[in-house]
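Engineer: Fit the two chains together into the complex; they arrive one by one in their own frames, and the hints show the way.
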Amino acid sequence: MLDDRYTLAYKLYPYARHADQDADAPVRHPVVVLGGGPIGIATAVDLAQQNIPVVVLDDHEGVGMGSRAICFAKRTLEISDRYGAAKPMVDKGVVWNIGKVFHKDGQVFDFNLLPEEGHEFPAFINLQQPYFESFLIERAYELQKQGAPIQIRGKNRVDAVTVHDDHATLEVMTPEGPYTLETDWLIGCDGASSPLRTMLGHEFTGQVFKDSFLIADIKMINTNFPTERWFWFEPSHGSGASTLLHKQPDDVWRVDFQIGWDIDRKEEMKEENIRRRLDAFLGDDVEYEMVWSSIYTFQCKHMDSFRHGRVIFAGDAAHQVSPFGARGANSGMQDADNLGWKLGMVINGQAPESLLDSYNSERLQGAAENILNSTRSTDFITPKSEMSHVLRNAVLELSGHYEFARPLVNSGRLSVPCVYDGSPLNSADALIDGPARTRPGAPCPDAPLADGFLLSKLGGQFTLLAINCEVPEALTESGVTTTVLSLKSADDKTGALAERYLGDAASAVYLIRPDQHVAARREHYDENLFRTALKRAIGKE
Amino acid sequence: MADLILTPNIASGDDFYEELISAHDGLSKEDSDAYNARLLLILANHIGDREALSAAIKAAKRQS
Ligand SMILES: Cc1cc2nc3c(=O)[nH]c(=O)nc-3n(C[C@H](O)[C@H](O)[C@H](O)COP(=O)(O)OP(=O)(O)OC[C@H]3O[C@@H](n4cnc5c(N)ncnc54)[C@H](O)[C@@H]3O)c2cc1C
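Chains as they are written, first to last, in our numbering: chain B, 44 to 584; chain Z, 17 to 80.
In isolation and in its complexed conformation, chain Z is listed as follows (with noise of 0.2 Å):
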């Protein structure tokens, strides 16, 4: 079981933001939702722990 990782942890982070970005290209807005929407449970499977999940989801929430 890991601790959530907030600090920096993608290593070329304008490379990624670029790409994801990109992914939404064309889409429309409904369109784009899901790809989140689906993007979002693939990379949860891929983390698996449940109390990492647990605590994205509650970091999430905050609001600035």
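Chain B with its partners taken away, still in its complex shape (with noise of 0.2 Å):
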């Protein structure tokens, strides 16, 4: 039985049969990735774009219906670049900077978020997850056209999983019947309730939240409500103790209630009992069409570990996080970034093994940052105890009055991409008048160059990235070249590279790793000091 557990909305991956299906010992791969949502399929664009063999396996045969995520942030349109399916997504995606607050009856402030200007991607835009799946999903198959080695296998679904010292051994049902897989590397993108996560037996610990949230997706007919995100806290209407409407393409608004602990989950998906408290929130007159409701409950755990040998977790297997402040497929989207260079150079056998318990110790805390961000808005939008309740609304109530209260209202704060203080890959921050925002184990911002933006400049390889200073033109350490970048103020229109990259230093040189975080900096080039500190970026040291 391969029943589908949910309805697709493209089907992208049909099912073919494989000739490893016929073969007489199992194929052995050097990656399979289980699982085709967002972070598999990113995952495995990043390997193909290495020209590193993988394939995929998902138990469905496409993209499933409904939007769970809406909001993508800058970082992960800016990996997604770098895997080449950023460009689609933010001409599709809705870009929104006003931001209302309401508390009961009123509107308490509106906010502006005023992004810093000279990046090339806007600070997140709104996008169905289908479009988001998909664009990247297309992109595998523009790779596997140029004649990248990559695979997606639809309708292949994991039941059982030997893992060995050098490898693991997959037994795949398909709709012809099962089949027997091994791989040197199995990456677990297979999802919160990840099987394979149980299979192994690992543990997945935290915290749960006892409340419910209705998502109605609605296309708005003759209305132009504006491209805005309104939260409301216990708004009068009553259909829900709190209330989030957020515009998606397509002219679809997301209304988020949060309706509860005990109810009865049948009756609230009722299409009359969901128009009905549409009807209370947006008034009578106003016309909508349904196209997705569901119901949520959520928790915020995460693995002790993100990898046992040769098998590694990524996105919401490894961690999951409530959907207040959107970090669930941006958080994931960081760890194909950061895994897929590592395991790159693991297997071309450019670095050791053990560079792969960076990644697990990257990801653990950006996941930890991640999920205590969650966790404090959660507990913002839905107090867990009575006085916990008269400080939220004391802060909501000053917060119409006072500016000092507005930073406190959190309704879910934006995703910003972790940086790795203390990471072991990180060489000693040497720039002493440098930014603190590009300091070592930073994500790299953007900056616009003379021709074009920075970030495109720093795609997929080490660089090495001087400005007003010489550097040679290439440097090569244990195997690994880096490519080399060298700019002058003339090159810095704006002056936001300096501000970004110099500060009160005269001239700088940044070694950047592939996921484009700062490894190391100084102020001048120094060829047995960034030999070091390469060697220690790649595990070496």
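Since the hints were made in silico from the structure, they are not lab data. Don't take every hint at face value.
Stated by the list, open to error - Among chain B residues calculated to face chain Z with C-beta under 10 Å, some are: (1) Tyr53; (2) Asn416; (3) Thr418; (4) Phe423; (5) Pro426; (6) Met430; (7) Ser431; (8) Ala437; (9) Ala448; (10) Arg449; (11) Pro450; (12) Leu451; (13) Ser454; (14) Val527; (15) Leu528; (16) Ser532.
The structure displayed is predicted, hence computed values, not measured ones. The C-beta atom is built at its ideal place from N, Cα and C for all residues, glycine as well.
Structural biologist: Here it is, written out as structure tokens:
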């Protein structure tokens, strides 16, 4: 039996029999990615771009209906750009900057996010998850056409896994029966309820929140709602303890009602009951069509370790957060970004296997940060005790009158990438007057150059970025060659590069990792020191 | 003597708010109220400035 567990929006990788199914002995692959959700596909694209053969197994034949994630942050777009998939996302996505906060009857305040200028990508876009996933899958097929070794096998459900010291064996079920596969590396991207995690008996610990949320994605008819984010605390229409209204492409709005823990799911999901809430919220004169609805509860949990020998977990399988702050898919994309180059170098024999332990420590740090932020938002939106509720409402009341209280209002914090402070791959900061935001461990912020943007020039390999100083044409250490990007003040018409990378220093040299995080920086080039830094960044120090 | 500061003045607000809320963990409503009163008096003493304190007492009276 291989029934779909959810309805498809787009059938993008229909089942097709593969020669592996007819092989006499199990075929061994370098990498199998278990799960073709956004994180599995992103990881596979990363590897394929490095020419590492990768097979994705998914138990469905495409992208699931309904938009879970809608907010995709700048860093996700930058990573997707490295994967060659960001342009259609931005073209389709909706950009917003104005948010409004309401409490009970009235608006308390509004805000403009005023994103920093000089970045190729917006602070974030709203885009339905099925589109986001489709653009990544389209990119995977484009790579395949160009000869990249990437396969996606639909209706291939992994039912059992045996882990050995240097490989794993998978029992795969298809509509035409089972077959066995072997893989040197197995990447578990099989979602929050990860069957792989369960099969291998790994724990997933954290906090379960006792609340349910009803999502209704609706298409407005003849109504011009503004492209803004509206958040209600304790709305007087009573259709939810909190309500979020947010625009998506195709004239679709996301309405998200907090409806409590003790509910009758079946009753609540009836269209007439959803419409009752929507009408109370929107007013009777607003016409809309229902596009998708769902009830979700959530938990903030993570695995103690994302790496177990040859099995590595990424995305929701490794860590799950509440939807407030949009950190699920956004943090999973940072997993792919972090894992891709490390696994590639290990497979190519350029780095020791222990480099992958830094994936574990860096992304555990990222997960902890995301869980902390999303837990705080959740505690603010759904106060756990009477006093917590009193204080929350005091913040809301004060924020209507006094600016100081506004930063304390927490209806979800923007997802920002983790700075890997303290990572074993970092070299000590040696740019004394350099800006803190580009310290070792930090993701490189974008900056406009005379011909395009900085990040698009830092793609996929180690780079030496020199600003106002001499560097050699390349640096090769332990078989790894960096590219060199040498910039002068003349390339920096807006001054953003100097502000973000020099601070008060006159010059700087940065060693930048393939995932665009800073590994080392100092004021001048020094061959020995940068050799050591590069060795450290590939786990050889 | 300083004016009462009513613009954002706490460096990492989310951190502070979490610490404040968790100070109430496990307390009954009565104990929480008493805790708030103690906290308020400690903070007032730290501020010291009589005019700022009067301005704060007034500012908190405003109802939405
Ligand atoms: C209501 C809601 C709102 C959200 N909003 C946001 C947001 O605004 N921004 C954001 O960044 N994130 C958001 N998220 C989170 C986001 O949806 C997830 O983080 C994201 O989908 C995780 O991707 P993934 O690839 O790790 O897992 P999934 O998307 O769950 O993919 C797992 C895949 O593995 C497959 N699979 C499972 N078991 C097997 C098996 N045995 N064999 C083969 N295949 C298998 C599944 O079919 C699926 O295709 C939201 C989530 C919810 C519920």
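Engineer: Now, for every hint given, state plainly whether the structure supports it.
Structural biologist: Hints, verified against the model:
1. Tyr53: Not OK, violated: B:Tyr53 not within 10 Å of chain Z, min 38 Å.
2. Asn416: Since the shortest Cβ distance to chain Z is 7 Å, the answer is holds.
3. Thr418: holds, 9 Å
4. Phe423: holds, 7 Å
5. Pro426: Hint holds; B:Pro426 Cβ to chain Z Cβ min 8 Å, cut 10 Å.
6. Met430: holds, 4 Å
7. Ser431: holds, 5 Å
8. Ala437: holds, 9 Å
9. Ala448: Holds, about 8 Å.
10. Arg449: It holds, given that the least Cβ distance between B:Arg449 and chain Z is near 7 Å, below 10 Å.
11. Pro450: holds, 5 Å
12. Leu451: holds, 5 Å
13. Ser454: Violated: closest Cβ of chain Z sits about 12 Å from B:Ser454, beyond 10 Å.
14. Val527: violated, 38 Å
15. Leu528: With Cβ-Cβ at 34 Å, over 10 Å, it is violated.
16. Ser532: violated, 33 Å
Of the numbered hints listed earlier, those contradicted by the structure are 1, 13, 14, 15 and 16.
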